[in-house]
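Start from the sequences and build out the full structure, keeping to the hints where you can.
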Amino acid sequence: MGGNDAERAAPGFSSRPCDGPVQRCCGRRFRDMDSFAALRRMMVDCQMRTYDVTDRAVLAAAAEVPREAFLPPSLSHLAYLDQTVPLPGTGRALMTPMVIARMIQGLDLKSGEDVLEYGGGTGYGAALMARMGTQAALWEPDAEALAMAELAMREAPGGASASAVRPADESFDAILVSGACETVPDSLFPLLREGGRLIAVEGFGRSARVKLYHKSGGKVSGRPIFDAAAPVLAEFRKAPAFIF
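In this note's numbering, the protein residues as written are 1 to 244.
Read the hints as simulated data drawn from the structure, not as lab findings.
A portion of the hints provided could be inaccurate.
[What the hints assert, rightly or not] Only pairs whose alpha carbons sit at most 30 Å apart, straight line, appear in this in silico DSSO-like list of lysine-lysine:
1. LYS238 with LYS219
2. LYS215 with LYS238
3. LYS110 with LYS215
4. LYS219 with LYS110
[What the hints assert, rightly or not] Simulated restraints on C-beta separations:
5. LEU78 with SER111: 27 to 37 Å
6. SER163 with ARG193: 12 to 22 Å
7. GLY217 with ALA147: 38 to 48 Å
8. PRO190 with GLU144: 18 to 28 Å
9. ASP186 with LEU78: 30 to 40 Å
10. ALA38 with GLY159: 24 to 34 Å
11. SER35 with SER74: 12 to 22 Å
Yeah, the Cβ is synthetic: ideal placement off N, Cα and C, and Gly gets one too.
In structure tokens, the structure reads:
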């Protein structure tokens, strides 16, 4: 189910990326609110495939999961734009489609694995991973975001669950951190099983990189795999330094 360097197009998808700028290709029909399915198709072809997302399970899940259900109704028209969408009243945001898809691809998920999305706001990442055949859960400490997630999961059921607290006595094969970390998210490492993977955006702005961690022999090591930016999660901000 994992991605590789060779392109593997999902059944029914174009064999080549869309012509023209992404925003033009994927934004041209946003006024037609009855065509969310068509917009999902354009999102997959014009944003994800052009960003080296080639895993057919990721592409198929993105074409099926209604991203608009993971935003308040007043923001649903932004669901398929190539941009981050802040969630009102929370410290969270829905990451851009292409970044979250490529991060999930980087986890190399296998059907039946236990996976966790941390800080995912309304749980779009958990829903994608659940659609890929994993046992997916969302851990979202932000109460307002969690309420949105619970509503979204009722409207777009797919097997994912959501909680405001750390999963008790649980461990996971893979963890998706849906936001940027200014510090290493080592507080999540104990949740990884042996052989487990964790992926997160580290840094901010132009210095941000997506980093993939592996747990082997009880130790966790990581390496950068591509450049990307995301809103910083408050719990992983660097403490202010005093300058004398």
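Among all the numbered hints in the text so far, which are the ones the structure does not match?
Checked against the structure, no hint fails, so every one of them is satisfied.
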